[in-house]
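Peer 1: Chain by chain, the residues run as shown.
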Amino acid sequence: MKPASFTYHAPTSVDEAVTLLAKWGPQDGRILAGGQSLVPIMAFRMAQPAHLIDINGIAELSRIAVEDGVLSIGACVRHAAFDTDAVPGTTGALLRKVVRNIAHYPIRTRGTFCGSVAHADPASEWCCVMAALDGIVVLRSHRGVRRLRADEFCQGAMVTALAEDELLVAAELPLLREGTRTGFAEFSRRKGDFAIAMALVAYQLGHGVMVEPRLAIGGAESRARRLPQAEDALRGRAPGAAAFADAGEAAAAVIEPMEDINNTAAYRRSLVRTLLQRALEGAQ
Amino acid sequence: MSERRAITLSINGKDHTVTIEPRRTLVDVIRDDCGQTGTHIGCEHGVCGACTVLIDGEPVRSCLMFAVQAAGHSIRTVEGLQQGERLHPMQEAFMRHHALQCGFCTPGFLMLAIGVLEKRPDLDGQELVDIISSNLCRCTGYENIIKAVRAAAADMKARA
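As you go down the protein sequences, you meet chains H and S in turn. Quick note: the first sequence, position 187, residue 186 per numbering that gives the first Met the number 0, numbers continuous. Quick note: the second sequence, position 126, residue 125 per numbering that gives the first Met the number 0, numbers continuous.
Among the clues, some could well be false.
To be verified - Sample of chain S residues lacking proximity to chain H, with all beta carbon distances greater than 12 Å (derived):
(1) T7
(2) N11
(3) E78
(4) Q81
(5) R85
(6) Q90
(7) M94
(8) L99
(9) D123
(10) C138
(11) K146
(12) D154
(13) A157
Stated by the list, open to error - Label pairs and their in silico Cβ distance ranges:
(14) S:R119 - H:F193: 24 to 30 Å
(15) S:A70 - H:Y266: 42 to 48 Å
(16) H:M157 - S:R119: 32 to 38 Å
(17) S:G71 - H:V210: 48 to 54 Å
(18) S:R3 - H:T18: 21 to 27 Å
(19) S:D31 - H:Y266: 41 to 47 Å
(20) S:G71 - H:A241: 55 to 61 Å
(21) H:R188 - S:G83: 42 to 48 Å
No lab work stands behind these hints: they were computed from the structure. We treat Cβ as the ideally placed atom computed from N, Cα and C, and that holds for glycine.
Construct the complete structure from the given sequences, taking the supplied hints into account.
Peer 2: This is the structure:
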C-alpha cells in the first residue's frame, strides 16, 4: 500500500509544466492535481508513474472565470469551490446540487473538477455535467492548444483523447440561460460511494412546454453521455408525470449498461429510469 | 529509488525538517519522520478517514497527499488540539458522549469535525450527518459521534 518511487516535478507555470510533460510524458510521466484518484491507484500499485508533475503550485490554474457566457474552470479548482457561490446564476445552482454527491467532504477539499474529467471514471459527476452541457476541454502541449467537446474527449471508461504530452488546463461550460430548470439524482448504496447510476436534466419552459431539453446519464454506461431519444420524449411537452415517465422509458430502452458483480444491466436500466424521473421531478 | 529531498513541514506550529523520498505519503512522514503518531493510518487509500488532518484549515486525507506537497502549508493534527491542560471542546464532548470505543478512528473524526465547524459554526442537521459519514468507525459509534459533534459545536461557539 505504498506508492512506488517516482521523480517529482513541481512547476510554477503552465509553460513550465508543458515543457516538463513534453520531456517526461512519453516516459511514463503523469500530472498530479488533487490526487484523490491517482494516489490510491498508486498505493495499490495499479499505476507506477516514473515522473509526477505536480501542478498544484501553478497559481493561474486555480481560477474560476465567467466570460462571454462561458464558465472556465482551471485545472486546480477543487470540487469544494462549487459548494460556494463562486459560480453565479442557474449554472452555479446546478453545480451546487451536483457537488455534494461527489465522494466525501475531505475528498472535495482536494480533488479537482478537471482531474475528474481527465480521469474519466464512468461514475464521475463532473463528466456527466460536461456531457449534459456540451462542455469543452482545453488541452495544452508544447505543440499548441486543442479544444475538444466533452463527447470527443471522453471515449470510454478511463479512456480519453488526452495525448501523453498534453495538460488539461481548463474545462469550459456554456452558462445555462437564467430560468433554466435543472435537476440531478444519483444512487449509490452508501453516501459518498461511486454512483451506480446518475441522471442530470436541464430544460427551459416556453409557452408552458419544455424547450431545449438536455438530459445526460452517468455511471450506468462506460461513459457519461446525452440521450437524444429521451430528450425527444420531453421536447414540446408540458412538464409532468406523463412526459417524465416517457423520458425514463426511452432512456432505459436505449442505454447499454455496464454489468458488475453487484449490479446487473437490468438493475442499472431500472435505476436510470427511476433516477431520470427523480431528476425531472426535482428540477427547478 | 528516487532522489530524497529536504523539506520542512509545519505541524501544529512547529517546524520539522526531514529528508524524504517524494513517494512518501504525508501521513507516513507525519508519523515516522516527525514522530507525531496521533494521526492514524487505516486504509491507505482514502476511504476510512483515520488519517484526516487539517491543511491550511481544510480537512484532507493525509494518505492521499505526498509529504513534499505539504511543505509551506500549515498542518494541524490531533496533537495540536489540547491547549496546556485544557482539552479542545471536541475532545471533551467525545469523552462526555462516549463517542469512542477503541479510539482508532477518533483522531480523524476530531480533525474532520473541527475543520468543518471552524469554517461553518452553525452546521447541523442532515448536512452535518453527511459530513460525519466521511469517516469510518468500525465500533459503530456513529450516533454518539454525532451527539458529541453537535454538543461541541455549541461549546466551540461559546468559547469563540
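Peer 1: Any hints this thing doesn't respect? Which numbers, in order?
Peer 2: Hint check: nothing fails, all pass.
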